[in-house]
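Student: If you read the protein sequences in the order shown, they are chains Y and W. The opening position of the first sequence corresponds to residue 3 in my numbering, with each subsequent residue numbered one higher. The opening position of the second sequence corresponds to residue 22 in my numbering, with each subsequent residue numbered one higher.
Think of the hints as simulated: they come from the structure by calculation, not from any bench. Heads up, a few of these hints could be off.
DSBU-like, lysine-lysine: derived pairs with alpha carbons at most 35 Å apart [what the hints assert, rightly or not]:
1. LYS75(W) to LYS149(Y)
2. LYS75(W) to LYS91(Y)
3. LYS91(Y) to LYS255(W)
Pulled from the structure, derived: some chain Y residues nowhere near chain W, Cβ distances all over 12 Å [what the hints assert, rightly or not]:
4. GLY46
5. LEU96
6. LYS101
7. GLU140
8. PRO337
9. ASP413
10. GLY416
Treat the numbers as computed from the prediction; the structure is a model and nothing was measured. Yeah, the Cβ is synthetic: ideal placement off N, Cα and C, and Gly gets one too.
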Amino acid sequence: MTVELIAAEPPSLGAIGVALGPALTVGAGVDTTTERVFYDTFDGLLYQAGLEHWAVPGIAPRQSLSEAAREAIGVRALLPVAHVRVRAKTAPLLDSLQKTVARVSIERLELAQASRAQRRLRPRVVLVPLRGYDSEVEDARRLLQAKLECSDADQSLREEAAIGLGADPAGTSSAVDVALSPVQRADEAAGVVLTRLHQVVQLNLPGTLDDVDSEFLHDYRVALRKARTVLRELSGVFPPERLAALRGELKWLQAVTGERRDLDVYILDFDLLRARVPTEQQPELEPVKRVLGHRRAAAHTQMLKDLGGRRARRAMNDWTTMLEYLPRLPDDDRPDAARAIDDLSSERIRTVYRRMLKMGAGITPGSEPEAYHELRKQGKELRYLLELFGQPLHDARVVKPMVKALKGLQDVLGRHQDRDIQAKMLRGLADRVSAEPGGAQALMAMGVLVQQLEDDAAAARAEFAKSFTAFSSGEQRELVKETFRG
Amino acid sequence: MSKVLATYNIKGGVGKTSAAVNLAYLAAQAGQRTLLWDLDPQAASTFLFRVQPKVQGGGRGLVRLRTVVAEQIKGTDHEHLDLLPADFSYRHLDLALDSFNRPTSRLGRVLEPLQDEYDYIFLDCPPSISLVSESVFDAADALLVPIIPNALSARTFEQLEQLAAGGKQAPQVLAFWSMTKGRRRRHRRAMAALAEGHRLTMLEAAIPTSEDVEEMGEERNPVAVFAPRGEAAKAYEALWAEVQDRLG
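With these hints in hand, go ahead and build the complete structure from the sequences.
Tutor: Pasting the structure below:
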């Protein structure tokens, strides 16, 4: 394992040789100056997976990405975290057979794009063992610590550089994760949650507008939807007029971002969907991909106009204004404002759960797709209530399995809805696709794909009964009643 | 999946270790992840790479799969080139192998966990006809056989052919002239005579008797490191190019 030590002042190779002798000797040193640009996703997925990635400036960061890192980041884009200049003196450490057992580097480090005052990072002594020589490096570490002013690095270079630039090395989280107390006034608790959700929407806006990756818009929309759930389910804590206006505006924001998100999902799924048609027909779907790309570009342009316009800015301001005023408003027209949040949110969780039981019981394999869609919407409402209020206020051991049972049901409903929408969208694309070169063949391949999607939707409908039974079991009902007594 | 190449000859002192060390070095220099397993208890390859000839649990521990092979590997001073060292206990490897039902499959089993980690695995084998060599034939994709051009060559070929054909999956046998003294024409004649009636492939490349090869022991390095423009270094390059060509 590579060992990194922090030194107050960079030691010389000679001093290292004295400290490590006579067991190890230091070979001839080589001076190098290199630059490293550290990368991570907006939400720090590499950091959270315990991974690190850097590239020299000018090299695309994805070019040399390890398989593990590729897996960890998924669809997210890599963004520069810090640009570090490394002036190093590197030499081999040799054993009594004059065999190289490790390489030692004395590194003088600075941030390349920071003010002079912020630029300097602490010098490091880095020991990289050759395979099979870990114990020699372990001995060297102990000797350097004992004989030179060195200590184990308390931060990786990437962490130190990010912190030096005033950034959080763990990235920017879109999780809500706020502290609530069961006896807190409901309007105050709702304010805390909505403030964080407003922040998450704002954090994800620049990446959405710049189209950095598809997750910005996804996280933007999830936060928006959660905020709408709070406004709807806890409506009694807000002043009715302002509430109605804000709900209308957030609904509008959701609507103007919808088409681009649907197309993102379609394009992300495209290769998987394409794999569903016979191999010889797969290339024939290329015109469909082209048309989807054109439509996405158009949807993005329209979304930029909407989100960059006055109405969107005003909606976000109204949101903040209402939160600022909320604690000072009279309670007269806010019947639930002073109730304990545990009491109110438990009541809402019970109500939505009961509503779902009723809706689900009425669904049969012959029901219209809309019936499934409506149930899924309620499922999202319940999930957000559980995440926003259930988890912070109740025992996680009880709430988590409940969320899991709900997730099982939502997966089936989600698959049904996605396939249904995708089949409808494909049909809607037929005119555009037929006008493309190779359109006629594409239409035939689309026919096969539509059939596959409809089969998937039918399979999801067939699975529904089983997952709904788990969700609505007597045990689950009892658990909901017990946990969310209020 | 790595390609396993074994340098082998029944006779000693014909240039097996030199070939293993130099070819493994060339593979690694080209960026291929390469391992050399020094199976010879005399530990000449291990010595050349300045590594201690020591394996925890000895040869028995390895073939019984009690020792984690990956933990015994040592990085050499050369990038992409690792060594699984020799151990004095390898002189009893035959006995250790003999205790298994299917002894000849054991070396392959030892190498199994390394198959994705390396592009090439070289086996530097001791000179003998034994269970160890039979196990090598089972594990190897190809045998690289150095042949000294003299009267015994034909007999060596016959023995090799019999042995290699006896394995479960007969490896490709690539023979090359070793320790030659510049009389190429004579070698070609001998080669033509040998090729008749043999299924073995005789390669074009020939490794000359050279001071550079002898100096490897002093320098403790492959010839390409200390005499890159020498005749020997060039001969090994030509040999490696031909071997890769034959492996496809």
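Student: Between LYS91(Y) and LYS255(W), is the straight-line Cα distance small enough, at 35 Å or below?
Tutor: holds (34 Å)
Student: Would GLY46(Y) pass as off the interface with chain W, using Cβ distances and a cut of 12 Å?
Tutor: holds (30 Å)
Student: Is the Cβ of LYS101(Y) farther than 12 Å from every Cβ of chain W?
Tutor: Nearest chain W Cβ is 4 Å from LYS101(Y), so the label is violated.
Student: Beyond 12 Å on every Cβ pair: is that true for GLY416(Y) relative to chain W?
Tutor: GLY416(Y) is indeed farther than 12 Å from all Cβ atoms of chain W, at 36 Å.
Student: LYS75(W) and LYS149(Y): Cα distance at most 35 Å?
Tutor: Distance ~31 Å between LYS75(W) and LYS149(Y) Cα, so the pair holds.
Student: For ASP413(Y), which was marked as not at the interface, is the minimum beta-carbon distance to chain W over 12 Å?
Tutor: With a cut-off of 12 Å, ASP413(Y) remains clear of chain W, as the shortest Cβ separation is near 34 Å.
Student: Confirm or reject the statement that LEU96(Y) sits farther than 12 Å, beta carbon to beta carbon, from all of chain W.
Tutor: Not fine: 9 Å to the nearest Cβ puts LEU96(Y) too close to chain W.
Student: Please verify whether LYS75(W) and LYS91(Y) have alpha carbons no more than 35 Å apart.
Tutor: holds (32 Å)
Student: Say whether it holds or is violated: PRO337(Y) keeps its Cβ farther than 12 Å from all Cβ of chain W.
Tutor: holds (66 Å)
Student: Regarding the assertion that GLU140(Y) does not contact chain W, is the least Cβ-Cβ distance greater than 12 Å?
Tutor: About 15 Å separates GLU140(Y) from the closest Cβ of chain W, which puts it past 12 Å; holds.
The structure fails hints 5 and 6 (numbered hints given earlier, in ascending order).
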